[in-house]
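Top to bottom, those sequences are chains E and L.
Under the numbering used here, residues 1 to 250 are what the first sequence spells out, in order.
Under the numbering used here, residues 1 to 269 are what the second sequence spells out, in order.
Restricting the straight-line Cα-Cα distance to at most 16 Å, the calculated cross-link-like pairs of lysine to aspartate or glutamate (EDC-like) are: (1) E:107 / E:45; (2) L:39 / E:167; (3) L:215 / L:186; (4) L:39 / E:195.
Listing some non-contacts, in silico: residues in chain L with all C-beta distances to chain E over 12 Å: (5) 7; (6) 71; (7) 111; (8) 126; (9) 137; (10) 156; (11) 169; (12) 172.
Covered stretches of chain E, going by a simulated chain L footprint (3 or more residues, C-beta under 8 Å): (13) 30 to 42; (14) 161 to 175; (15) 205 to 216; (16) 221 to 232.
No lab work stands behind these hints: they were computed from the structure.
Backbone N, C-alpha and C fix where the C-beta goes; we use that ideal spot for every residue, glycine too.
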Amino acid sequence: MEEMFFFDANCRIGNGPFGVHPGVDGLLAEMDIFGIDKALVRCNDADQLSAQAFNREISRMVKSDLSGRLTGVWCILPEQCPELPPPEEFFAQMRTNRIGAITLFPKAHGFMASKLSLGKILGEAAERKIPVMLYNCYRNEEFVYNFLAEFPNLTAILNAGNKWGTDRTLRPLLEHYENVYLETSGYWVPEGIRDLAEIYGAERLIYGSGFPTFDYGSSMLQLKYSGLPDDAVRKIAGGNLQNLLKGCDL
Amino acid sequence: MTIWQQETLARQLWTTGKSPIPIYDMHGHMGDSQAIYHKRCQAEEMVKHLKRIGVTRLVFSHMDALAGIMRNAEVLEICKRYPDILRMYIAINPHHPEYIKEDLAAFKKFQPYAVGLKFLPAYHKVAVTAPAYEYALKFADEHALPVLFHTWGNIPENNGKVMLETVQKYSRLKFFIAHCIYGEWDYAERCVKESNGNVWLELTAIPGVRGLVEKLVGQVGSERLLFGTDMPWFDEYQAVGGILAARISEEDRHNILYRNVENILGRNF
Numbered sequence: 001m002e003e004m005f006f007f008d009a010n011c012r013i014g015n016g017p018f019g020v021h022p023g024v025d026g027l028l029a030e031m032d033i034f035g036i037d038k039a040l041v042r043c044n045d046a047d048q049l050s051a052q053a054f055n056r057e058i059s060r061m062v063k064s065d066l067s068g069r070l071t072g073v074w075c076i077l078p079e080q081c082p083e084l085p086p087p088e089e090f091f092a093q094m095r096t097n098r099i100g101a102i103t104l105f106p107k108a109h110g111f112m113a114s115k116l117s118l119g120k121i122l123g124e125a126a127e128r129k130i131p132v133m134l135y136n137c138y139r140n141e142e143f144v145y146n147f148l149a150e151f152p153n154l155t156a157i158l159n160a161g162n163k164w165g166t167d168r169t170l171r172p173l174l175e176h177y178e179n180v181y182l183e184t185s186g187y188w189v190p191e192g193i194r195d196l197a198e199i200y201g202a203e204r205l206i207y208g209s210g211f212p213t214f215d216y217g218s219s220m221l222q223l224k225y226s227g228l229p230d231d232a233v234r235k236i237a238g239g240n241l242q243n244l245l246k247g248c249d250l
Numbered sequence: 001m002t003i004w005q006q007e008t009l010a011r012q013l014w015t016t017g018k019s020p021i022p023i024y025d026m027h028g029h030m031g032d033s034q035a036i037y038h039k040r041c042q043a044e045e046m047v048k049h050l051k052r053i054g055v056t057r058l059v060f061s062h063m064d065a066l067a068g069i070m071r072n073a074e075v076l077e078i079c080k081r082y083p084d085i086l087r088m089y090i091a092i093n094p095h096h097p098e099y100i101k102e103d104l105a106a107f108k109k110f111q112p113y114a115v116g117l118k119f120l121p122a123y124h125k126v127a128v129t130a131p132a133y134e135y136a137l138k139f140a141d142e143h144a145l146p147v148l149f150h151t152w153g154n155i156p157e158n159n160g161k162v163m164l165e166t167v168q169k170y171s172r173l174k175f176f177i178a179h180c181i182y183g184e185w186d187y188a189e190r191c192v193k194e195s196n197g198n199v200w201l202e203l204t205a206i207p208g209v210r211g212l213v214e215k216l217v218g219q220v221g222s223e224r225l226l227f228g229t230d231m232p233w234f235d236e237y238q239a240v241g242g243i244l245a246a247r248i249s250e251e252d253r254h255n256i257l258y259r260n261v262e263n264i265l266g267r268n269f
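Extracted from the complex, chain E is given alone in its bound form (with noise of 0.2 Å):
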């Protein structure tokens, strides 16, 4: 097997609220010892910062990332309070700092994630083909599946596991909603990336690391003998995220 491409969907980097952890160097470094070629990063401890500090933070960091490996996500709130530019503006900004995809924290930052409080900015996301990163989902099963349902147009990529299997949560997800993905970072099911490539198609499945919190070796090396064709693991070591980056309108 030649080498192979990676594109880590879940990274967090830079200092927080609980402490210290590898900024842009120490992930950058990290990523050469394991050959990860880019990552879609965002803040540790995210859900303890306000909106505009996480993207802030998350857009120093990406721009002090000089070999331009890595890629930011940034956080949206309700558009009734007007922190945020309007979604026009928001997606404008999101291109110039080099970030690919957004995500929310409804709990942390005190919000209902509804058509009535983010419909603006997620119907042009949905439109746009921007991705929606769902950390989490594990233990979050009635926050995703409802708004999965509110807004089923999205082009959303879920969280699949937190070490323990989550099939019979996100498996009717992923056959609902066609535009819905799996992030692999803590599936750690034996041969369950393969099984889930099998029924949904490769094409709905990226790898993700989970780091810092996770390591890359044992995600990548449960990947690569994942009992799937080199073709398929290709396609969701790198290839998959790579195309909806490229692929959404910003």
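Starting from the known structure of chain E, fit chain L onto it as the hints suggest.
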């Protein structure tokens, strides 16, 4: 140069997908679980998965035997179908004392497939220090058998405090402390250091969590760590990958994956 390109175990596994050294997985199960969908939880599928990477032995306890709805004698028959790879722990359910006495009285009948006993205190809601376990503990101590104890930090039935009390009570029994009393790392260290040299920490749920394998090697030494996966919970490549990714020496990796077990149970037990 990445770790996968260096002249190491990592390179061999990355290149071939097959381990060049033995791997003893000392913590497995079998059968359906109440909370998680397992596609590969019966012997045939599990063995296929184990053989892909080259696991030498999986020592497991059957979920149904732990639940008290299957007898260990039936598990023995499963092992006999896969003699080159499957070994078992006699499942100990403290709510079925008659099964415990019967199975331990016939322990020789289970050998060489049975290598020890398995306790699941938190799930059975009986603390490891409770009288219900005494018979099995005394039997294991008398015969110097391994016992794999499910543990987890801050869970009253099998937390650091009760495990420390237990390891100090039995000097011949071989304590395999599953999950290293996850989260109560100082107690895990004390169990090793304040016992009679008869305690090993088993790593299920730890490889892959960044920095934990290194931390435990630093605390107790790699000679006191055993590899395990909770198979069919966790993927063998994922767990072995976590050992490869850890900042420890190649000697440490060899100790964890096979040497320590061979020192306890012999080669190809």
